[in-house]
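Engineer: When you get a sec, could you build the whole thing from the sequences and use the hints?
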Amino acid sequence: GQNIDQPTEMTATEGAIVQINCTYQTSGFNGLFWYQQHAGEAPTFLSYNVLDGLEEKGRFSSFLSRSKGYSFLLLKELQMKDSASYLCAVRDGDYKLSFGAGTTVTVRA
Amino acid sequence: ETGVTQTPRHLVMGMTNKKSLKCEQHLGHNAMYWYKQSAKKPLELMFVYNFKEQTENNSVPSRFSPECPNSSHLFLHLHTLQPEDSALYLCASSQDLGGSGEQYFGPGTRLTVT
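Protein chains in written order, with the working numbering: chain P, 4 to 112; chain R, 6 to 119.
Honestly, the hints are just simulated from the structure, not real lab data.
Any given hint could be a false lead.
Selected chain P positions facing chain R (in silico; Cβ < 7 Å) [to be verified]:
#1 Ala45
#2 Phe48
#3 Tyr51
#4 Gly61
#5 Asp97
#6 Tyr98
#7 Phe102
#8 Gly103
#9 Ala104
No residue lacks a Cβ here, since even glycine has one placed at the ideal position from N, Cα and C.
Structural biologist: And the structure:
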């Protein structure tokens with residue numbers, strides 16, 4: 004089966020940087036997604052990586068190393084509104100996404 | 006309405022009831038999905054439809070019955086559910102299957118089976 008691991012919880016201070024790691028072991032690889040999900044709301048798309056390297060999008064960046072089965076999501080200049088669950092998902096075939104259990108990030112003042 | 010909408014947002018049902026969840030996407034997408042999200046567990050893919058045709062049934066029990074009358078609407082019919090079926094049921098859509106296109110999620114239906 005598919006195995007996608009990410010930490011359960013992380014806490015950081017407003018204005019700081021937090022890095023959420025995701026490791027995966029899947030039968031195939033066809034891209035990695037990061038989603039943000041606030042409590043009681045829909046997951047929303049943050050980033051997509053299919054090639055190795057860093058993708059930067061404003062305060063959020065995502066990194067992928069396919070040889071290591073590893074990705075991270077970097078959140079800079081943390082704001083209170085960034086408190087949410089962050090989901091790592093791997094597309095292991097044509098379209099099927101396998102999700103990690105999510106990392107709950109709490110931003111403290 | 007924009008994006009992906011789901012109704013009802015909350016549902017409490019007994020094990021002998023029959024109910025349906027509705028999803029509608031206003032994005033002109035061709036693919037739609039049902040996911041189950043239980044507390045502290047990964048999202049589980051249940052069903053996938055592409056151009057109204059079911060392309061995936063991820064070993065879902067028959068007490069869950071999907072219906073996709075057109076590319077914009079997706080239903081999940083529920084009957085004789087079990088308490089362990091209590092979860093958040095999320096609908097999603099994407100332009101097509103695969104590619105770099107992300108899935109857009111609805112807000113979900115919080116289901117409680119008593």
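Engineer: With reference to the structure, classify each hint as holding or not holding.
Structural biologist: Do the hints match the structure? See the list:
1. Ala45: With Cβ-Cβ at 4 Å, under 7 Å, it holds.
2. Phe48: holds (4 Å)
3. Tyr51: Holds, because the Cβ-Cβ distance from P:Tyr51 to chain R comes to roughly 6 Å (cut-off 7 Å).
4. Gly61: violated (16 Å)
5. Asp97: holds (5 Å)
6. Tyr98: holds (4 Å)
7. Phe102: holds (4 Å)
8. Gly103: Cβ of P:Gly103 sits 6 Å from chain R, so the hint holds.
9. Ala104: This interface hint holds because 5 Å falls under the 7 Å limit.
In terms of the numbered hints stated before, the structure departs from hint 4 and from no other.
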